[in-house]
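K.L.:
Each chain is listed here by its residues.
Number of protein chains: 4
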Amino acid sequence: MIIVLKPNHTEAQLEHICEKVEEMGFRYELSRGVQRTLLGVIGEEDELRNAPLKAIAGVESVMSVLKPYKLASREFHEEDSVFELGHGVKIGGGSMILIAGPCAIEGHDVLLEIAQAVKAGGANVLRGGAFKPRTSPYSFQGLGEEGLKILREVGDATEMPVVTEVMDPRQVELVDKYTDILQVGARNMQNFNLLMEVGKTDKPVLLKRGMSATIQDLLMSAEYIIAHGNKNVILCERGIRSFDSSTRNLFDLSMVPNVKGLSHLPIVVDPSHATGRPDLIPSMALAGVAAGADGIHIEVHNCPEKAMSDGPQALLPNQFAEVAKQIRDLAPFFNKELATNPQPVA
Amino acid sequence: MIIVLKPNHTEAQLEHICEKVEEMGFRYELSRGVQRTLLGVIGEEDELRNAPLKAIAGVESVMSVLKPYKLASREFHEEDSVFELGHGVKIGGGSMILIAGPCAIEGHDVLLEIAQAVKAGGANVLRGGAFKPRTSPYSFQGLGEEGLKILREVGDATEMPVVTEVMDPRQVELVDKYTDILQVGARNMQNFNLLMEVGKTDKPVLLKRGMSATIQDLLMSAEYIIAHGNKNVILCERGIRSFDSSTRNLFDLSMVPNVKGLSHLPIVVDPSHATGRPDLIPSMALAGVAAGADGIHIEVHNCPEKAMSDGPQALLPNQFAEVAKQIRDLAPFFNKELATNPQPVA
Amino acid sequence: MIIVLKPNHTEAQLEHICEKVEEMGFRYELSRGVQRTLLGVIGEEDELRNAPLKAIAGVESVMSVLKPYKLASREFHEEDSVFELGHGVKIGGGSMILIAGPCAIEGHDVLLEIAQAVKAGGANVLRGGAFKPRTSPYSFQGLGEEGLKILREVGDATEMPVVTEVMDPRQVELVDKYTDILQVGARNMQNFNLLMEVGKTDKPVLLKRGMSATIQDLLMSAEYIIAHGNKNVILCERGIRSFDSSTRNLFDLSMVPNVKGLSHLPIVVDPSHATGRPDLIPSMALAGVAAGADGIHIEVHNCPEKAMSDGPQALLPNQFAEVAKQIRDLAPFFNKELATNPQPVA
Amino acid sequence: MIIVLKPNHTEAQLEHICEKVEEMGFRYELSRGVQRTLLGVIGEEDELRNAPLKAIAGVESVMSVLKPYKLASREFHEEDSVFELGHGVKIGGGSMILIAGPCAIEGHDVLLEIAQAVKAGGANVLRGGAFKPRTSPYSFQGLGEEGLKILREVGDATEMPVVTEVMDPRQVELVDKYTDILQVGARNMQNFNLLMEVGKTDKPVLLKRGMSATIQDLLMSAEYIIAHGNKNVILCERGIRSFDSSTRNLFDLSMVPNVKGLSHLPIVVDPSHATGRPDLIPSMALAGVAAGADGIHIEVHNCPEKAMSDGPQALLPNQFAEVAKQIRDLAPFFNKELATNPQPVA
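These protein sequence lines are chains A, X, C and D, in that order. Quick note: the first sequence uses my numbering, first residue 1, plus one each step. Quick note: the second sequence uses my numbering, first residue 1, plus one each step. Quick note: the third sequence uses my numbering, first residue 1, plus one each step. Quick note: the fourth sequence uses my numbering, first residue 1, plus one each step.
I should point out that these hints are in silico values taken from the structure, not numbers from a laboratory. Please note that a few of the clues may not be correct.
For chains that are exact copies, the list does not tell them apart, and a pair is met inside one copy or across any two.
Claimed, not checked - Within a straight-line C-alpha distance of at most 30 Å, the following computed BS3-like cross-link-like pairs (lysine-lysine) qualify:
1. Lys-149 / Lys-119
2. Lys-6 / Lys-231
3. Lys-67 / Lys-231
4. Lys-54 / Lys-325
5. Lys-6 / Lys-54
6. Lys-119 / Lys-54
7. Lys-200 / Lys-177
8. Lys-336 / Lys-70
Work out the full structure: start from the sequences and follow the hints.
P.N.:
Have a look at this one:
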């Protein structure tokens, strides 16, 4: 930590600051410039971060030179994290995933039909929501446990690992019973109690970036999960808030190489939620591959006109198959591989 | 809902759209302009909102003319909501509240000392966190139930209703036992399961606006609480995300008259979290009164240098007393009253 | 400047950095922490700022401890700036101004009528646009020099100083001939050549904050004007870009006390452009007074239905008179005075 | 235009609105829904847009169904625009450009060296600033006409068309004499008088998106240039303002397919200014190709440690050559071609 003193500080204030810093158990080094006096405060990282240095009289600002996350950082774990998701599908270290499926699970037959289509098209992870975070209390909220059972059956039938959202610490045990990957949604990225609970499971967690979360906020939320015992965290960019309403959110693709420099965790990008526009999804999926993502997440529905949730932003199965083929063809250019289906669905 | 057709739509597409709309059970009115064809879709509000009109081929865009919230709207409840918070303190309809206290409850004696100071200074509601949402898993997380007990005791001793944050649906019952007002924090504004649980209690809820929540998002979250049975919702502006890092957040004061036009719910503004800067809090508290707020929320600590959480953004008791006096003097200019202490603390 | 070295830097890199810094003509102090090595670089402010320290190998980041503006800073000029605008109207040091008038000058008679109305209502500065920055090339672009003449005549007839926008360095001489105050619009806040030209005149400049300008950007643009010889700069907050489309822009009132701490320049706030909503203008004008503004800017039109530009966001003269009276009554609470009309208009 | 009436409007208000609309010379169609009354207003596009419908009493909101730009729209010009830039280099319709060079022109020899290096690396357009828009009046402002001469000589010597910024309507004639492409910078995107002046030349214009410009704002600025006679406009995404300070700006890559749907104009993306981070430029340049851009803009300097402006965000020539090779190899995947150097530099 570096303490910058106010330009017109007194010597008494400087002395008071030095005393306080020592009282807190830290060492310091003094540096008097032409215009500013600085104090480099030296000590244990976590203690420094929690010390209320800024509140001392005469202090103008306090600047941190340390990152507040550790387990999620690349300094802590230099190699890319790689882990298994189920049914032989891997993420990280050159293995890409392609997550596809409907926004919400609406029934067994419709999900099976979509799952077979996306598997044939090239997906290797199936998504579907059983608990839906809806901004309106009057919107369809999901099928709950019935939906989870359907997802499990359809995932097994089509031999794909499945991912579904968990919204509530009380649901973690239940959702964990049925799914291969636990999704924490954007609105819950800083629901810290939920992060702790998924941190206690041994299932990979797909952690979606909050709509106004900085890169550091996202990595701190990953740190919560890892600090509670679960190191298999997949980060997901799904668009942030901005001022142009022509897309649903603003797709921040530069976060991919940015986070890759800071952290060893794999990253999935979700052009469906980021843009909310089927016409932009194919281009932005490919741009995601080029940016270095380890996975792409695309919503697919066999009949968007009838979808009970988020219909308009889903691709049709044939549109999906086209972009999936392009993703697979493009991946090797970036030293990645999107594994083909181990066996086609009967 | 208004459907705007693509400029070069075919007659067959128009027919298809009209059929689909009828199939969904709605009526429509066709309007052919010089450049665009429109369809005014007429039907029950909630059904219309959930109908995937945008997914029909040939549709360029769908524009809503209805607000998605009802119980929170001024159209539904024309008069300002007014309700009791405990110890004779009221909010709404001309009665202002002044919430003060430390970020976190650190112990009985320190809280009592602060509470007596803020009561003497002019506060009529006491705040203090027992469960703290911290971005770092390594930061102080609050005293939990022990903190709640201390808060209850100190509130009773100083005859002020108390407010504290609840972060988890599993904590609602516990927190409800000790507090007068349940706070839902900014990071949980769209934790819908938490909203449902606080909606089932009979305690007033202080609902803080999320960092990237639109006015409509905030009112939808209030709608969740009201729709589950609890109509005593207090909205709270505490700053939103923006691009200038010289303040912690961006204080959106125009939301006060904006929301007042749309909703009957009382509004509190929180310059402490909005600015994160003690030097700006007094001016912005007074600006909040002028904007029409029904309450002001200010963090106060008797020794910010030692505060275990958010110390640097708290006012000292004497700074608080000064701004509290100004708030009380200014309120009548806006036809509001900040009730003086019913009886001074011994 | 503080140089933070990469965590795993070599001694050779450190030496290279030290050499480079000396080569650039600066001194340095070395500080080795538990986790990071720092270099405090000491030298002349302006040279330091322009030195490409970050580009040296082994450097992780460079942190500035100096503000990049000087003439606009309160450190340079401790007292509030106060200056005359014409017709005896002053701004700063307790004297408030109230700027009112139409968006665009549409003709002599309509402007005179509005000017008489706003003067009677309580305005002491008249505004009106002769050159209009319109986002569409097909919109009304203003009356040009004819408009300037009308403005001058009407200002003299009603004994108010006048302010009008200048959009182009080539227009400065012309506009300067007719107006008392030169306005630089939000879209031109970083039109540096225009800033230089208005800096060469001796007329006060109303500098509007750009839609995505930070506080520092705004003060740097003021610095441009002052550095070219004109120290009479009035800053103006008129709303910044944000994600909620229910208001035209986001009114950043906390910039008022924030800038007051950093600079001696007077500040005007403009709730008309900031909100774009007549229903919010009165509240936000009063909130502006409470935030500490030295002036309020309100668009007024006697017939918004016919206004050729920005009609819907203007107040009617009687609405204006009401809010003007409230502003005048509120000002003394904040040790300010909005001077009453020296003499009523015949 | 669609007029939405207030929910509780009177019949008299409805009549008044209908009269006003007819008075303005428009037709209308009335649509009474269960909850809302609407008026579809029919007439000539430009007149409709300028009509102050929202100001009529009883009107809640006015929604536009028309785009405010015409000449820039794909509806007006269905095919992609393709045009020549000089020295046989084309943009659009499958031909990609790669713009490279230093931020500022610092002298003949250093520019020639960089130009030869970027040409050898794979660039086909040379950039360099002679007039620099600097946020500080104390920073290096460029070499002016001397810089333009150097740029022309070096462009001819290396057989590349050149692009340089013009900041002031008074400079257009001068800059036009020396350059092949006129650049309008982000800070001047809504400097409408400058847009008009470059619109009167016959040189292609590289129009950079403003830091808080919506897609529509950008297309309106292009419309200004085209409406004044110059249809060779190249749009450029260079990052917008956002809340995360870990990159200089936020790179909005989804604007590429978004704008491609709305407009026929070619698009260049600039990862140098968008990210401000050399470590992110290569990935984001490739992501730009994948998003569908017609050109990439990269700052290159042979010695960033000595660069007089923006040094730290430039690539070194060998870093540039590497990413240029990847861009050329990737382009055919997207049916584009980055033409190899017609002839290597001697």
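K.L.:
Decide, hint by hint, whether the structure agrees.
P.N.:
Tested hints:
no.	hint	in the structure
1	Lys-149 / Lys-119	within (19 Å within a copy, 55 Å between copies)
2	Lys-6 / Lys-231	between (43 Å within a copy, 26 Å between copies)
3	Lys-67 / Lys-231	within (19 Å within a copy, 42 Å between copies)
4	Lys-54 / Lys-325	between (54 Å within a copy, 27 Å between copies)
5	Lys-6 / Lys-54	both (11 Å within a copy, 25 Å between copies)
6	Lys-119 / Lys-54	between (55 Å within a copy, 27 Å between copies)
7	Lys-200 / Lys-177	both (14 Å within a copy, 28 Å between copies)
8	Lys-336 / Lys-70	within (27 Å within a copy, 43 Å between copies)
Violated hints for the displayed structure: none, as all numbered hints are satisfied.
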